[in-house]
Amino acid sequence: MRIQLSQLTKTYKGGVHALKGIDLDVPTGMYGLLGSNGAGKTTLMRILAGLLRPTSGTVRLGGDDVTTKEGRLAVQRTLGYLPQDLGVYPDLTARQFLDYIALLKGLDERPGRRRRIGELLEVVALGEHADRRLKGYSGGMLRRVGIAQALLNDPRLLIVDEPTTGLDPEERIRFRTLLSHLAGERTVLLSTHIVEDVAQTCRYLAVLAKGRLVFQGDVGELVSRADRQVWTVTTSGAAPSTGRVVAALPHGSGMRYRVVAPVPPDPMARPAEPTLEDGYLALMEAAAPV
Amino acid sequence: MIAALRYEFLMQIRRPVMWIVYGLAFAALVATMWPAYRTLDLGSGGGHDPKLAMVVSAKVTMSLLAIVYGCLLADRLIRDRRLGVATIMDASSANPLGRLIGKYAGVCAATAAPIALAFFGRAVVYAIAEGKAEALAWSVPVFATAILPGLAFLGALALAGPLLMPPLVFRVLFVAYWFWGNLIPADMMPTLSHTIFAATGDYVAYGLFDRGSEGGFVYGPWPDAALNFLRPVASPAVAVLWMGVMVALAAGILLLARLHAARSEH
Numbered sequence: 000m001r002i003q004l005s006q007l008t009k010t011y012k013g014g015v016h017a018l019k020g021i022d023l024d025v026p027t028g029m030y031g032l033l034g035s036n037g038a039g040k041t042t043l044m045r046i047l048a049g050l051l052r053p054t055s056g057t058v059r060l061g062g063d064d065v066t067t068k069e070g071r072l073a074v075q076r077t078l079g080y081l082p083q084d085l086g087v088y089p090d091l092t093a094r095q096f097l098d099y100i101a102l103l104k105g106l107d108e109r110p111g112r113r114r115r116i117g118e119l120l121e122v123v124a125l126g127e128h129a130d131r132r133l134k135g136y137s138g139g140m141l142r143r144v145g146i147a148q149a150l151l152n153d154p155r156l157l158i159v160d161e162p163t164t165g166l167d168p169e170e171r172i173r174f175r176t177l178l179s180h181l182a183g184e185r186t187v188l189l190s191t192h193i194v195e196d197v198a199q200t201c202r203y204l205a206v207l208a209k210g211r212l213v214f215q216g217d218v219g220e221l222v223s224r225a226d227r228q229v230w231t232v233t234t235s236g237a238a239p240s241t242g243r244v245v246a247a248l249p250h251g252s253g254m255r256y257r258v259v260a261p262v263p264p265d266p267m268a269r270p271a272e273p274t275l276e277d278g279y280l281a282l283m284e285a286a287a288p289v
Numbered sequence: 000m001i002a003a004l005r006y007e008f009l010m011q012i013r014r015p016v017m018w019i020v021y022g023l024a025f026a027a028l029v030a031t032m033w034p035a036y037r038t039l040d041l042g043s044g045g046g047h048d049p050k051l052a053m054v055v056s057a058k059v060t061m062s063l064l065a066i067v068y069g070c071l072l073a074d075r076l077i078r079d080r081r082l083g084v085a086t087i088m089d090a091s092s093a094n095p096l097g098r099l100i101g102k103y104a105g106v107c108a109a110t111a112a113p114i115a116l117a118f119f120g121r122a123v124v125y126a127i128a129e130g131k132a133e134a135l136a137w138s139v140p141v142f143a144t145a146i147l148p149g150l151a152f153l154g155a156l157a158l159a160g161p162l163l164m165p166p167l168v169f170r171v172l173f174v175a176y177w178f179w180g181n182l183i184p185a186d187m188m189p190t191l192s193h194t195i196f197a198a199t200g201d202y203v204a205y206g207l208f209d210r211g212s213e214g215g216f217v218y219g220p221w222p223d224a225a226l227n228f229l230r231p232v233a234s235p236a237v238a239v240l241w242m243g244v245m246v247a248l249a250a251g252i253l254l255l256a257r258l259h260a261a262r263s264e265h
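Protein chains in written order, with numbering that gives the first Met the number 0: chain A, 0 to 289; chain B, 0 to 265.
Simulated from the structure, these hints should not be mistaken for laboratory data.
Accuracy of the hints is not assured; some may be wrong.
Pairwise CB distance ranges (calculated) [to be verified]:
1. 84(A) / 14(B): 22 to 30 Å
2. 285(A) / 80(B): 33 to 41 Å
3. 115(B) / 59(A): 45 to 53 Å
4. 27(B) / 55(A): 52 to 60 Å
5. 140(B) / 90(A): 29 to 37 Å
Derived SDA-like pairs: lysine to any residue, alpha-carbon spacing no greater than 25 Å straight-line [said to hold, decoys possible]:
6. 50(B) / 139(B)
7. 12(A) / 83(A)
8. 134(A) / 5(B)
9. 68(A) / 185(A)
10. 12(A) / 12(B)
11. 68(A) / 83(B)
12. 68(A) / 261(B)
13. 19(A) / 36(A)
14. 134(A) / 12(B)
15. 68(A) / 99(B)
Only a predicted model underlies this, so the values are computations on that prediction, with no experimental measurement involved.
Each residue gets a CB set at the ideal place from its N, CA and C atoms; glycine is no exception.
Extracted from the complex, chain B is given alone in its bound form (with noise of 0.2 Å):
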């Protein structure tokens, strides 16, 4: 577990095709949710607030970064196959399931680093120019709950999927999921999106950061939206309850990519 660890980090942190692509996503990012993106309130005015800006900061983060996420470890499980080193794996005395866990641990780690950067940077960028250090000590805690589990279940599904499909194609489909089940209004059309299974982290926003609680905003259920019984009030049981989802929605995932993998092998 931990060679595959090591080595999958260290294979995809120094593919130039990813910074690039974060990098392009980035501008993109403060391109489009600028002047959000700078006064970190999206239009709430809570952005002279260290940790409702952290908050923010995380929710902006992950709304486009995600999908370059997920695009880009889209390849990484089912590579081992195209480029024929999965027999000599296979062949190898390791476990495979730890294998997997490895090879799932070090590259989702790899591939989240470029948006810990941008997170972390936004942070240091906010506290100096904010002159308030606090907004350091708040970037942990939010990453590590809203951001991490989310990541956690995307990174899972992203090294999964390309078992059942082509990765080409699961890039779209991973697409049109990310817009479709955590961005869009839930009131749009029957959606995951602001459910306990949408990996945005609003549920953590809301429930353990107060991200409502200047305009005595209650996150919810939506008025006429569907699938309202997965939206319950968010409060910080809820907001560890979407923790544990997350988390077992990955464990679930990377265990049916065993299963799958045990099936095909003999």
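Looking at chain A on its own, in the form it has when it is part of the complex (with noise of 0.2 Å):
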């Protein structure tokens, strides 16, 4: 499902513009949107999910215009949403929760609904939990359920807010790879803030700053904001004070950094081959004001 934005805004109440003038095309696939925390991804994901109404501009999502309720309902109908404040009733098992939020999404006949909440069960590796109340269940399960709860509809777009925030190193690789394989036929949005994570599951992102696109295209455009902006810095003295250092490791009897800087920072510099979040740290830096 392709997603269209054209000059969306929204301004909430008490003067706040959380997005401004936002054009952007995202085709079908894996697709990552970065950005600090408050930079407006949430209200985007809002926006795309029919939670929230733009103030002005237009949001298409493969034909349906999600300002109109018709489309917004249309666009519900094909839509998984995992929303970054994700929350579930304690006292059901995994696989009632599922049942109510299937029913909700329409899956009336009973056995079809009964086997698609099994499979996606075993998909979330959560089959042997599945009739445990949820209250027992850590961070990373919950997330698994919110996963399960989004592809119930077998959904053309899904939208993941924040899905790998507060996991631990072992339940993100597990998450990542989940959405990467999810990520075929449909539209897979991922925001976040974790550079990481869109390293490694994304090839195309966009990036808001202060709500406002500060860049769109894939992975190596962005990578390459940093070329010969990357340096390390080994010395026993302060740390560089030009540029902004990304990494401190100690090195010897000193420290060994890892600064992002136009200039070299230090006349003992070297430069390094520039990563994702060296990119995206070149671009914010540029982005800022000054």
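Since each chain sits alone in its own frame, please combine them into the complex, following the hints.
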């Protein structure tokens, strides 16, 4: 499902401008949406899920305009949404919770619904815990219940908002792998502030900063934003004052710093290969007001 | 709607706290209403008439258990947002009004189940003790007409009220409302008590089931009471009107709750 946003703005009561004239074209497949906290990612996700109305602009998902009631309903029938602040009913089992959501999504035929729930519980590796109450689940298991509920209606568009925040490294890797497998014929929009998640799963991405779209393109293009701007500095003195230090590792009796800066931050600085995180930071430095 | 009804009923009916609070309230009810709860005549001497006994049983049962009913419902609607479940439900294609009605019906039915158990249980005990099986037959229409409409209204009020204030504050106000608007004598102060808007079912008791017939008592306006224009003389037509008022109030409150939610969504 293709997502097309044109001049999308959202201003909350009180005059807070969450989104400012966003133009974005998202193709089928896995797509990353990066941005710091407060950049407007969740607002954008909630608009795409039909939970918020934009102040102005157009939002078309697979040909449906979500700013209209009919369009929103049509999109919600083919949408899977895993919100950032996912909650569950603690006294229901995973199977019962999924059954409740499946009924709300219109999966009325009982045998088919039960089969689908069973399949998804296996997909998210919760089959053997399916009849345990959710109050006993770990954070990672709850996220997997969340992704299972989002997949109940076999959505063409899957929106996942900050899905790996708070997960341990093993759960994060498991979750990322799962998302990658899900993005075949469908569009998976992954919103996150964790650059590594996008680096490991997405070929294309967009970056939001303070409600504005500051980048859209492929991962390599964003990495190249940091070309000739990444340096390592080994010193026993103070950290370099020029540029942004992205890593600091003890090295012998001193420290080895990794720095993103347009010019060498130290006479002894040596150029380094940029990563997506470096590209993101270089972009943010460039986008920041002087 | 069916999904919400089914699962809200399930979640509420198996809440241990609900049964514990109702159990304590029932014990308090029996203790404070003894011996009226045993004789089921409230001093009128009508306790040997199964119809009047069931009407009195309804009055006594509602007097205290309705408070528990309202307080237990007070967090049920707002908890979806507190738990973070509302977002995924709102993102589904289910009709929001249907969901609200399903939740209302399911959670109210589950919370009313202990009241039904107390009422019908008392009917069974009465039927055995008095040897009058017709009490069981009377218990069904009495429950349906004197108790259910009031519970329908109170349920909507208790679900929607906490949209405007914290549940704890609502519970305190609900208890105060119950005494002020339903239990105190009408001539004590300006009150909705004993009016067509009171949820106690007195209009059905007197209008449909002739509760005042033995002493020739006419239920309606109180001498020297304010708001007597809301206290018509009880009759079958007024009893039906009272039921309609309760159901209409419930529907109106639910509609306002939906409009409130729709306004805050965007």
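Status of the hints after comparison with the structure:
Checked against the given bound of 22 to 30 Å, the beta carbons of residue 84(A) and residue 14(B), roughly 24 Å apart, stay inside it. The beta-carbon spacing between residue 285(A) and residue 80(B), approximately 39 Å, falls within the hinted interval of 33 to 41 Å. Distance hint for residue 115(B) and residue 59(A): a CB-CB separation of about 52 Å, consistent with the stated range 45 to 53 Å. Range check, residue 27(B) to residue 55(A): Cβ separation about 59 Å, and the 52 to 60 Å hint holds.
As the Cβ distance of residue 140(B) to residue 90(A) is approximately 35 Å, the hint placing it in 29 to 37 Å holds. For the suggested pair residue 50(B) and residue 139(B), the alpha carbons sit about 11 Å apart, so the restraint of at most 25 Å is met. Taking the CA atoms of residue 12(A) and residue 83(A), the gap is near 22 Å; set against the 25 Å cutoff, the hint holds. With a C-alpha separation of about 20 Å, the suggested pairing of residue 134(A) with residue 5(B) holds against the 25 Å cut-off.
Distance check on the hinted pair: residue 68(A) and residue 185(A) sit about 23 Å apart at the alpha-carbon level, within 25 Å; holds. Simply put, residue 12(A) and residue 12(B) have alpha-carbon atoms about 40 Å apart, too far for the 25 Å limit, and the pair is violated. Note on residue 68(A) and residue 83(B): the hinted pairing holds, with a Cα-Cα distance of about 24 Å set against a maximum of 25 Å. Between residue 68(A) and residue 261(B) the alpha-carbon distance is near 13 Å, which keeps this suggested pair within the 25 Å criterion.
About 16 Å separates the Cα atoms of residue 19(A) and residue 36(A), which keeps this hinted pair within 25 Å; it holds. With a CA separation close to 18 Å, the supplied pair residue 134(A) and residue 12(B) stays within the 25 Å bound. In summary, the hint linking residue 68(A) to residue 99(B) is supported, as the alpha carbons are separated by about 19 Å, within the 25 Å threshold.
Checked against the numbered hints given earlier, the structure breaks only hint 10 and satisfies all the rest.
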